[in-house]
Amino acid sequence: MISVSGLSKSFTLHTQGGAVLSVLQNASLTVAPGECVALTGESGSGKSTLMRILYGNYLAGGGRVVIGGTDLTRAAPHRIISLRRETLGYVSQFLRVVPRVPAVEVVAEPLLALGVDEAAALDRARRLLTRLRVPEPLWSLSPTTFSGGEQQRVNIARGFAHAYPVLLLDEPTASLDAVNRDTVLQLIEEAKTGGAAIVGIFHDAAARARVADREVDVSQFTPRTS
Amino acid sequence: MTPILQVGGLTKRYGRHIGCLDVGFRLFPGEVMGVVGESGSGKSTLLSCLAGLLTPDAGEVIFDTRAEGPRDTLTMSDPERRMLGRTDWAFVHQNPRDGLRMRVSAGGNVGERLMAVGAKRYGTIRSAAEDWLSRVEIDVSRIDDRPAAFSGGMQQRLQIARNLVSGPRLVFMDEPTGGLDVSVQARLLDLLRGLVRRMGLSAIVVTHDLAVVRLLADRIMVMKDGRVVETGLADQVLDDPQHAYTQLLVSSVLQV
Numbered sequence: 363m364i365s366v367s368g369l370s371k372s373f374t375l376h377t378q379g380g381a382v383l384s385v386l387q388n389a390s391l392t393v394a395p396g397e398c399v400a401l402t403g404e405s406g407s408g409k410s411t412l413m414r415i416l417y418g419n420y421l422a423g424g425g426r427v428v429i430g431g432t433d434l435t436r437a438a439p440h441r442i443i444s445l446r447r448e449t450l451g452y453v454s455q456f457l458r459v460v461p462r463v464p465a466v467e468v469v470a471e472p473l474l475a476l477g478v479d480e481a482a483a484l485d486r487a488r489r490l491l492t493r494l495r496v497p498e499p500l501w502s503l504s505p506t507t508f509s510g511g512e513q514q515r516v517n518i519a520r521g522f523a524h525a526y527p528v529l530l531l532d533e534p535t536a537s538l539d540a541v542n543r544d545t546v547l548q549l550i551e552e553a554k555t556g557g558a559a560i561v562g563i564f565h566d567a568a569a570r571a572r573v574a575d576r577e578v579d580v581s582q583f584t585p586r587t588s
Numbered sequence: 020m021t022p023i024l025q026v027g028g029l030t031k032r033y034g035r036h037i038g039c040l041d042v043g044f045r046l047f048p049g050e051v052m053g054v055v056g057e058s059g060s061g062k063s064t065l066l067s068c069l070a071g072l073l074t075p076d077a078g079e080v081i082f083d084t085r086a087e088g089p090r091d092t093l094t095m096s097d098p099e100r101r102m103l104g105r106t107d108w109a110f111v112h113q114n115p116r117d118g119l120r121m122r123v124s125a126g127g128n129v130g131e132r133l134m135a136v137g138a139k140r141y142g143t144i145r146s147a148a149e150d151w152l153s154r155v156e157i158d159v160s161r162i163d164d165r166p167a168a169f170s171g172g173m174q175q176r177l178q179i180a181r182n183l184v185s186g187p188r189l190v191f192m193d194e195p196t197g198g199l200d201v202s203v204q205a206r207l208l209d210l211l212r213g214l215v216r217r218m219g220l221s222a223i224v225v226t227h228d229l230a231v232v233r234l235l236a237d238r239i240m241v242m243k244d245g246r247v248v249e250t251g252l253a254d255q256v257l258d259d260p261q262h263a264y265t266q267l268l269v270s271s272v273l274q275v
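Each protein sequence line maps, in turn, to chains A and B. Read left to right, the first sequence gives residues 363 to 588 (this note's numbering). Read left to right, the second sequence gives residues 20 to 275 (this note's numbering).
A few of these clues could be false.
[What the hints assert, rightly or not] Reference excerpt, derived from the structure (chain B facing chain A, CB under 10 Å, subset only):
hint : residue
1    : 100
2    : 202
3    : 214
4    : 218
5    : 253
6    : 254
7    : 258
Simulated from the structure, these hints should not be mistaken for lab results. We put the beta carbon where it would ideally sit given N, CA and C, even for glycine.
Isolated chain A (complex conformation) (with noise of 0.2 Å):
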């Protein structure tokens, strides 16, 4: 389902004098559906900037990023937004959200742009935040007042609302206490048990064992600097 090789990437900060930043060089990763890979490596090795570039969020410098069939390397704007609608799904630490949309809605909106009836959206958004314990009365409010866990699960419940064949989790259980994580890691044996390519970023080294299958340590891509 994922397919990345000679990857490259580097930065120019052209408000910085035009310095070169160069992150991931030769970067390879396959990732089989059902299967979870777990990006090691210390900080600043480069696993968000990976993490970014098979969102599409990144423009890769060179090689190829495969995603279900589709090169974002190469792919139009337009393929890579039915891409994500339908096929490629990313939780990021931090819920960015529209002011005055309720939690419930926030949830559900990704079954609605994939034109699924509202009733049953609403339904599916209702059932992951009951299982992600957020209190039902914050359901029909904004999460911009609601707090760092409780932004955080609802942002996993929106992650998981659509089953992408492709999740990207970028720190999924960061923030959240034993019960909540226990359902977080519940949520992503699902997936993969319905068949799910998974890459995820966890430092909680427990979690990591429990749902990867393999680590792949992104500081071998380093540029080795001359």
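Model the placement of chain B on the given structure of chain A, informed by the hints.
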């Protein structure tokens, strides 16, 4: 999939000064494209050329019409283009006064556009106007008030109702949240997002506000001195800008 709008080589000069130069892009049904850049970058000139409000010096603007498929709107007759402007297109101006008739009631403003496309029965027009006022969160009891009695945010919502009542497929927006308080902006953005999604609209939104494009747009086109300097997915252009000018724009936004 046929693009709803296909633009090539679009150029407009004001004497020796460049309005926009050799602009080209394709917009697909349901897509929202943000056009960003500073004042004077040519983004409003471009929008006016696309919407038929200004005649470009060169280029083509091919719109996928309902009846006859893709046609160049620049070579159409004026009446044909005006008809598109009343039916398939909508234009939301920055200043609601440019898009509303200030001496006509709120209901009249919405109904007038329906009458322009052939609606005749008073009852039908009135109930469509009521429906649209409530969709844009204007109390239906205000239907007979003139827009002059409305706040800026309400006027802007009324302008949106007037534009969308005829079921357009392509909406042009020029700084739709400009000049409004931030709290009013958020409400308007939320409303626009919902309407765009539910009606499956395609839209081109010109703004200098990067927060607006992040919330509203799927794609971004960055303009400088009349030229397109960068295009891409909205979040990609904002999070990993490639061009020096885009990097400057993104890094100049104050974080709150």
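Hints versus structure:
At its closest, the beta carbon of residue 100 of chain B sits 26 Å from a beta carbon of chain A; the interface hint therefore is violated under the 10 Å criterion. Proximity of residue 202 of chain B to chain A holds as hinted, the smallest CB-CB distance being about 8 Å (cut-off 10 Å). With a cut of 10 Å, the hint placing residue 214 of chain B at the interface with chain A is violated, because the nearest CB-to-CB distance is about 13 Å. With 10 Å as the threshold, the beta carbon of residue 218 of chain B stays out of range of chain A, its nearest partner Cβ sitting at about 13 Å, so the hint is violated.
This hint holds: residue 253 of chain B has a C-beta 9 Å from the nearest C-beta of chain A, less than the 10 Å allowed. About 5 Å separates the beta-carbon of residue 254 of chain B from the nearest beta-carbon of chain A, less than 10 Å, and the hint is met. For residue 258 of chain B, the interface hint holds, the least distance from its beta-carbon to any beta-carbon of chain A being 5 Å, beneath 10 Å.
Checked against the numbered hints given earlier, the structure breaks hints 1, 3 and 4 and satisfies all the rest.
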